[in-house]
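J.: So you can see what is in the structure, the chains are spelled out below.
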Amino acid sequence: MSELLKNSIRFVLFILVQVFILFKMPPLHRFITPYLYFLFVLWLPFNMSRTSLILVGFIFGLSLDYFSKTPGLHAAACTLIAYVRPFIIGLLISQEGADKNYISPSITSMGWAPYITYTLVLTFLHHTYLVLLEWMSFGSFIYFLGKVIASTAVSFLLILLTELLFYRKQKFRTNTI
Amino acid sequence: MRNVFLFIRRHFNFLFFLVLQIMALSFLFRYNKFHEAIFMNASTEVTGRVNEKYNNIEYYFQLKKTNEALVRENLRLHQLMKENYEAPDSSKRLILDTVRYDSARTRLKYNIMEAKVVGSSTFLQNNYLTIHRGSSGQVRPNMGVIGPQGIVGTVLNVSENFATVMSLLHRQYSVVVKLKNGGERGAIEWDGLNPLFVTLKDIPKSAKVAKGDTILTSQISSKFPANIMVGTVYEIVPDNSSNFYTLKVRPATNFFNIEYVYVIDNLQYDEQKRIEDSTRKKIQ
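Residue numbers (this note's numbering), protein chains in the order written: chain A, 1 to 177; chain B, 1001 to 1284.
Think of the hints as simulated: they come from the structure by calculation, not from any bench.
Note that the Cβ used here is the ideal one computed from N, Cα and C, for glycine as well.
Hints should not be assumed to be uniformly reliable.
To be verified - Pairs of lysine to aspartate or glutamate, DMTMM-like flavour, derived with a Cα cap of 25 Å: (1) A:Lys24 / B:Glu1259; (2) B:Lys1248 / A:Glu134; (3) B:Lys1248 / B:Asp1277; (4) A:Lys24 / B:Glu1068; (5) A:Lys6 / A:Glu134; (6) B:Lys1116 / B:Glu1259; (7) A:Lys24 / B:Asp1213; (8) B:Lys1053 / B:Glu1068; (9) B:Lys1248 / B:Asp1191; (10) A:Lys24 / A:Asp99; (11) B:Lys1282 / B:Asp1265; (12) B:Lys1064 / B:Glu1114; (13) A:Lys24 / B:Glu1184; (14) B:Lys1180 / B:Asp1202; (15) A:Lys169 / A:Glu3; (16) A:Lys24 / B:Glu1114; (17) B:Lys1281 / B:Glu1259; (18) B:Lys1116 / B:Glu1184; (19) A:Lys24 / B:Glu1052; (20) B:Lys1273 / B:Glu1184; (21) B:Lys1053 / B:Glu1114; (22) A:Lys24 / B:Glu1189; (23) A:Lys24 / B:Asp1191; (24) B:Lys1248 / B:Glu1184; (25) B:Lys1205 / B:Glu1189; (26) B:Lys1201 / A:Glu134; (27) B:Lys1180 / B:Asp1265.
What the hints assert, rightly or not - Chain B residues, not near chain A, derived (Cβ > 10 Å throughout): (28) Phe1061; (29) Leu1124; (30) Leu1193; (31) Asn1194; (32) Lys1211; (33) Thr1246; (34) Arg1250; (35) Lys1281.
What the hints assert, rightly or not - Derived DEER-like restraints, expressed as beta-carbon distance ranges: (36) B:Lys1208 / A:Arg10: 57 to 63 Å; (37) A:Arg10 / B:Gln1219: 51 to 57 Å; (38) B:Ile1220 / A:Arg30: 27 to 33 Å.
Whole structure, please, built from the sequences with the hints as guidance.
T.: This is how it looks when you write it as structure tokens:
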């Protein structure tokens, strides 16, 4: 299956899962909003140009926004993580030329520790920005902090589960340069 | 000039990021301010269709037939409620020799239409419902929306087949309600913290309030008929510095599983609005 088709299917699936499963769940606690959709941005291929990465992030966030009736909220957060992603990958890539030999970021291509750091940092960034925007007039700092940390923890757990349930096989490609 | 182009080329990614970021933020804040976005009308139509598809599947699990029958029954009962009617001023007509009109006849003031909820949210600070009835079904903005258990919100935006409803769980939502016991009026608002509770303000401390007291709609809020259930007092927040109570209210409507709502069309809403506005103009 071509990468474009694969990612298009993922685009739709992540939006549907977020809107019709995670948003429909009764809240566990007022701090916790389970987010998983932005994993799409994290899974995009290595070889995408930075401009198209940002553009895809924006469109992806905006399409979620139209379901939750908050135009711009998720789009802003997704654009941010799509912009920051290449820097984090550049810092964390441990295996020599992993971004050339593998298609997209995963546990196989990056190794456990770097991949977990990569998801944690971007999840945290995404949630901080999202909650900050949601609470431009937020009164209590504790609420802001609590919501960011609790939501990050829950999202991270969800991402880990997704990684384990839907294990992505990644072929080692040679002669890529 | 050359330097400008060089600068743009060099920092193209960052500038592109900034542009999209500003676009997103302007969507967000324009929307909050004016309650409408440029694309909202068309997108409601699209997301409404998807929501409807999903709802068709989900609805199966919610006992289709029973629900529908109950809604029809409720609708009929609501229509018969005396708050929907108002008596004509009969003292004037008493002087007529022959009564051409049946003076006991009442006039319909509120028209009630049922609608299916095809999308809803409770997890944000500004929550909306999408209902499957739009301008082709006589829904207009500013109509009140109630559920089988109590009030739900106000219609905000209407497309051809769908409408979005600003729910009680919206930080900009406010509606005038009254205590069932004393009749004192106050405003219901939501602080955005917990979707299980809303706040009732502006009830004077002279009123007698106890935990568990019922709160009903008031005819002051021209969008709802009087005496529709709003919720019950859950807690009286102590505040000695003010002459007004702050009450924590548990809404009667369960926003997590609401399936059907009734849209209320106040047939005299425009007239009332017109005279109120013209009065305001006269004073100025």
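J.: Under the constraints set out in the numbered hints, which ones does this structure not fulfil?
T.: Failing hints, ascending: 3, 5, 7, 10, 11, 13, 17, 18, 29, 30, 31.
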